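S.K.: What follows is each chain in one-letter form.
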Amino acid sequence: MATVVPISWYLVLAAVLFSVGVASFLLKRNIITIFMSIELMLNAVNLTFVAFSHLWNHISGQVFVFFVMVVAAAEAAVGLAIIIAIFRTRQTLNVDQVNLLKL
Amino acid sequence: MQLALFLIFGALAVAGAINFLLQKHPINSALSLVVVMISLAILYWSLGAEFLAAAQVIVYSGAVMVLFVFVIMLLNAGKEEHTHGSRAAYLVGFPGAAAIFCLLSFVFLSEGKALGAVTLGGHLNDVVSNISQISSLLFRDLLLPFEVTSILILVAILGAVVLARKER
Numbered sequence: 001m002a003t004v005v006p007i008s009w010y011l012v013l014a015a016v017l018f019s020v021g022v023a024s025f026l027l028k029r030n031i032i033t034i035f036m037s038i039e040l041m042l043n044a045v046n047l048t049f050v051a052f053s054h055l056w057n058h059i060s061g062q063v064f065v066f067f068v069m070v071v072a073a074a075e076a077a078v079g080l081a082i083i084i085a086i087f088r089t090r091q092t093l094n095v096d097q098v099n100l101l102k103l
Numbered sequence: 001m002q003l004a005l006f007l008i009f010g011a012l013a014v015a016g017a018i019n020f021l022l023q024k025h026p027i028n029s030a031l032s033l034v035v036v037m038i039s040l041a042i043l044y045w046s047l048g049a050e051f052l053a054a055a056q057v058i059v060y061s062g063a064v065m066v067l068f069v070f071v072i073m074l075l076n077a078g079k080e081e082h083t084h085g086s087r088a089a090y091l092v093g094f095p096g097a098a099a100i101f102c103l104l105s106f107v108f109l110s111e112g113k114a115l116g117a118v119t120l121g122g123h124l125n126d127v128v129s130n131i132s133q134i135s136s137l138l139f140r141d142l143l144l145p146f147e148v149t150s151i152l153i154l155v156a157i158l159g160a161v162v163l164a165r166k167e168r
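Protein chains in written order, with the working numbering: chain A, 1 to 103; chain B, 1 to 168.
So that you can see chain B by itself, here it is in the shape it has in the complex:
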């Protein structure tokens, strides 16, 4: 069960990310990013993070990607053209990304024995549910950072309104 979930949705996430990289039109990239985010939500659920799986679907593939698609349609973004500067990026971009991937996966696989394996749902929800654990931590121990994020959101709303307003 765990292995099947990981293989199916991990492959879906990687395929979505590769499609995101290869598509020329921004709206196609945005929709393949939605595929990546929803498969990541299912992987979170298989790791025992039910609350984050729901929040991933609602916040990321719901709110954030709708905002992106809305801006793409508002600005009427067409196919991207390749300019002179993007050839240098090809020479640096692919080897750089491959080097980062090789380094990270070497470290993870060489430490693989020490890291252990996953059991479905995890040990997090043995006694109480995942959501009650998160909420007791968030509303008791981390109450001040949680309230500060509301001020951050308020400032972000004001900043977005001021920046996107038509100048007179």
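Bound conformation, chain A alone:
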């Protein structure tokens, strides 16, 4: 069994997913897609938690991922409600047109 995978490959995969999440957070103009790229970044961080939990043979990393999932689900519910409220008042999903707080 020589085909083992180094832990660092999992971490580099998580870095790839996180960077794509950052790039799409900055590049996308649709507010729903921006919100989804936050979820992508959270998933990438969860992968590093699970990889390190495997590395240290300790379960607490997985429990941390469990709490991240709970908070992300609550955040998705509240955030999508805010998006619906924004669409109802401004009739747009483009973040460039949501500029009430801009100077």
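These aren't lab readings, by the way, just hints derived from the structure by calculation.
Computed from a prediction, not measured in an experiment: that's the story for all the values here.
There is no bait here: all hints are sound.
Within a straight-line C-alpha distance of at most 30 Å, the following computed DSS-like cross-link-like pairs (lysine-lysine) qualify:
#1 A/Lys102 to B/Lys166
#2 A/Lys102 to B/Lys24
#3 B/Lys166 to B/Lys79
#4 B/Lys24 to B/Lys79
#5 B/Lys79 to A/Lys102
Please build the complex by placing chain B on the supplied structure of chain A, with the hints as guidance.
M.R.: Leaving out everything else, chain B in the frame of chain A:
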């Protein structure tokens, strides 16, 4: 086995993420994000986290993404148009993301020897199963944070209802 799982589903996750970035329509982005989440669930399973693999499929690619797709269809979101502000984001976004990726992967690969390698399933499930370990930690040592999350969910439900309600 481990290497094949990692290569197949890691490549699938990266391809899904790139497709998420390149697609113009939000519904296509949402569906490629489902691909990323399911391949991440299989990677969790290969790292010995069976409970999290199941929770990832149920919570993320089930509940959260259904909520996203539902809102996309409810608001009838079409193709996103590129405005003047997105050109500056292109100039900052790609170099910034590439810099973050280079920094992170440099640190991880330079520490790669010290981090070691993965064995399928891990040592976590040698004696008892992964789920019983998690549940004994969650319901005994971390009982108070676990109960506080239920209050958090309740507040989130109330907040979502109040925010999405039609104003009179």
